[in-house]
Structure formats: C-alpha cells, structure tokens
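S.K.: Sequence:
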Amino acid sequence: VPPPHALPTTALSRGAALDLNTASAAELELLPHVGPALAARIVADRARRGDFHSVAELARVRGVGPKTLSEVARRVEVRPPPGRDARRAPGRAATSRTATQTATSP
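If you read the sequence shown in my numbering, its first letter stands for residue 405, the second for the next number, and so on.
These are computed hints drawn from the structure, not numbers from a lab. Hints may contain errors.
[As the list claims (entries may be wrong)] Pairwise CB distance ranges, derived in the manner of DEER restraints:
1) Arg464 - Gly439: 15 to 23 Å
2) Ala430 - Glu475: 14 to 22 Å
3) Gly439 - Pro486: 13 to 21 Å
4) Ala441 - Pro486: 25 to 33 Å
5) Glu433 - Ala463: 15 to 23 Å
6) Arg464 - Pro485: 12 to 20 Å
7) Pro486 - His437: 26 to 34 Å
Backbone N, C-alpha and C fix where the C-beta goes; we use that ideal spot for every residue, glycine too.
Could you put the whole structure together from the sequences, leaning on the hints where they help?
M.R.: This is how it looks when you write it as structure tokens:
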C-alpha cells in the first residue's frame with residue numbers, strides 16, 4: 405500500500421462528491437459497490453447515451469440496483485456542463501420537446 409501522500413487526490417478524498425458526467429472509471433471505482441466492470445459500464449453508458457441529468461439516472465446502467473444507487477448517491481452529483489445555466493436549461497429543453505410533440509401530434 406502506497407503511503408497516503410503518494411495516493412492521487414480525488415474529489416472523494418477531499419470530501420467532495422464526484423460528478424457523474426466527468427468522473428473517470430478509476431474515480432468511479434472508489435465508490436462503494438463499484439468495481440472495474442461497473443465503472444467501465446458507467447463511463448460507456450455516459451459516452452453512448454449522453455450525460456446524466458440526475459443521480460437517479462445512474463440506475464439506467466446495468467448493474468446499478470437500488471442498494472448501489474443508495475450507497476453511491478451520497479457521494480456523487482450531476483453538474484450542468486460548463487457555460488450552461490442550470491436554471492434555464494430544463495425550460496428550454498421542455499419547450500423544444502413540447503414544440504416537437506405538438507408538431508408531430510395528429
């Protein structure tokens with residue numbers, strides 16, 4: 405075991421939550437109930453389906469059940485992408501979806 409000063413500094417080691425949208429597989433492995441395979445699936449899911457919009461969306465990843473989600477939820481967060489106003493983004497997305505649904509509705 406390397407001495408503490410040789411260990412990499414991560415958000416978790418500083419007491420901060422990991423951002424699910426930027427955390428590496430190695431960082432995700434530091435979470436309870438998350439091993440190398442699950443960490444890789446989380447990163448692959450994020451790459452394939454896009455960013456997580458809430459911590460609860462982590463359940464979309466195969467292998468993340470209620471117990472894992474409960475344990476991990478206290479240690480992760482989802483931040484909006486840089487340069488995006490988190491308060492305005494959902495309204496714009498909802499408006500776009502509503503307009504699309506209205507345009508495609510019979």
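S.K.: Give me the numbers of the hints this structure contradicts, sorted from smallest to largest.
M.R.: 3
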